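Asks: Sequence:
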Amino acid sequence: MLALGVAWILDGLEITLASVVSDALTKPNTLNLSATASAATATVYLIGEVVGALVFGRMSDRLGRKNLFMLTLGVYLVGSGLTAATAGAGTGWVIFLYLTRFIAGTGIGGEYAAINSAIDELIPARYRGRVDIGINGTYWAGAIIGTLVQLAIYNQFIADSPGLAWRIGFLVGPVLGLVIIFVRRNLPESPRWQIMHGRADEAEATISYIEEQVRASGRTLEPVDESKLLEIKPAEHAGYITLVRLLFSRYPGRSVYALGLMVTQSFLYNAIYFTYSIVLGVFFKVPDAGIPLYGLAFAVGNLIGPLALGWMFDTVGRKKMIAGTYLVSGVLLLISGFLFKAGALTAFTQTAAWVVIFFFASAGASAGYLTVSEIFPLEVRGQAIAVFFSIAQIVGALAPLFYGSLIDTNHPDPSHLFIGYIVGAVLMIVGGLVAAVLGVPAEGKSLEDVATPLSVVRKATEQVAGYRAPAPRSTPTPGS
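When we follow the working numbering, the leftmost residue of the sequence shown carries the number 903, and every step to the right adds one.
Any given hint might turn out to be false.
[Said to hold, decoys possible] In silico DSS-like links for lysine-lysine, alpha-carbon gap of 27 Å or less:
no.	residue 1	residue 2
1	K968	K1130
2	K1347	K1130
3	K1347	K1221
[What the hints assert, rightly or not] Computed beta-carbon distance windows for the label pairs:
no.	residue 1	residue 2	range
4	N931	V957	55 to 61 Å
5	A1244	L1066	42 to 48 Å
6	N931	L1053	48 to 54 Å
No lab work stands behind these hints, which were simulated from the structure alone. As the structure is a prediction and not an experimental result, all values here were calculated from the model. For glycine and all other residues, C-beta sits at the position ideal for the given N, C-alpha and C.
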């Protein structure tokens, strides 16, 4: 889980350190970029994530989970490492800077599709919710590491060696990733992916390897019930246009559900996280040097939420917990918005409010990724994650622009930003209501019971949640 979950840590680390060094890149003794050009590095990185998710998500379904989570981490290492090699401020070097940020983003975007697929396909059903949500929540562990790097290292070099300081920021992630890439070499391929691609012998060998480890720990494994029997014939791969048509025609409710969860949480997170430092500085007069400490508290709250509440998504249930976390965070944001408009908050109490709000929102947002990765068939799982992740990222990218337009740094008016808080709160409440109506009770169920694979030609029981079995097709080839 450490080897698989590092993708989220790296993304949180990248986003945090990139925001930290953006101001340094505008100095004459570094790259001397304009504020717009420096901020564009984050935009290019996010665009790279979308492209990477779409490209590598498709490759993950075609080539395998293990192949991709080795490749995508390698792409990230190259991209982020080369960013630190940007040597000057000329046009050529600026293009080089943007290209390397784009490459790093594609690696992380590809990680999302491959990693979430692998996690869900390798984890026992009764633990899948808490493990997936906990790992997704470690994005904020990366943010905490980035903040600590800033406080412990970056700030020590910025005065005397600014050219070295910003490069340190972009090298921390690759150093961590380089260690993890060796650990990943020992992870097995998903046996589900293997069997769905006609590799029966390889799938059996993987299962035997995993079961031997379990038995060696002293546990007894009961035979699998015959009612779980699925006879399959490996299906042809579909492109994204065909995939979107498939998702919204065969699984319309689930597609609306996934879209609602991903888009609403992405809007809220990008809106708050990318503007909280401006809010603290403009409305509460917090000096620049003090903002990282508030950001640290914000990140800690986001990290604790999924870890503390994750087990409840397996016990209380997906539907209740996802709807509950979205609704609670939306209502709390609404209340804090009114207090902000009334001038009743200080920098401390405003941050405390964010910590409480995102304690719940973080668990819900992490459950959004879990949901997308488990409610669609195995053959298109990686691509489905890529599609909904990309749509959410595009919508989320608009949120900071919207919130930023509501903040007048010369004549700050809380009532203007209050509008943004209302919009964010309403969207989260809508997401919660969508979950309450369309939520899928996937807790404790195998992935094949949640969504029957498209390649099934015959099964022992035809009744599978959310799926109407097609008529039997031709007999599969031997060994499939």
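Asks: None of the hints should be skipped; say for each whether it holds.
Replies: Going down the list of hints, with the structure as the test:
no.: 1; hint: K968 to K1130; result: holds (26 Å)
no.: 2; hint: K1347 to K1130; result: holds (11 Å)
no.: 3; hint: K1347 to K1221; result: holds (14 Å)
no.: 4; hint: N931 to V957: 55 to 61 Å; result: violated (37 Å)
no.: 5; hint: A1244 to L1066: 42 to 48 Å; result: holds (46 Å)
no.: 6; hint: N931 to L1053: 48 to 54 Å; result: violated (22 Å)
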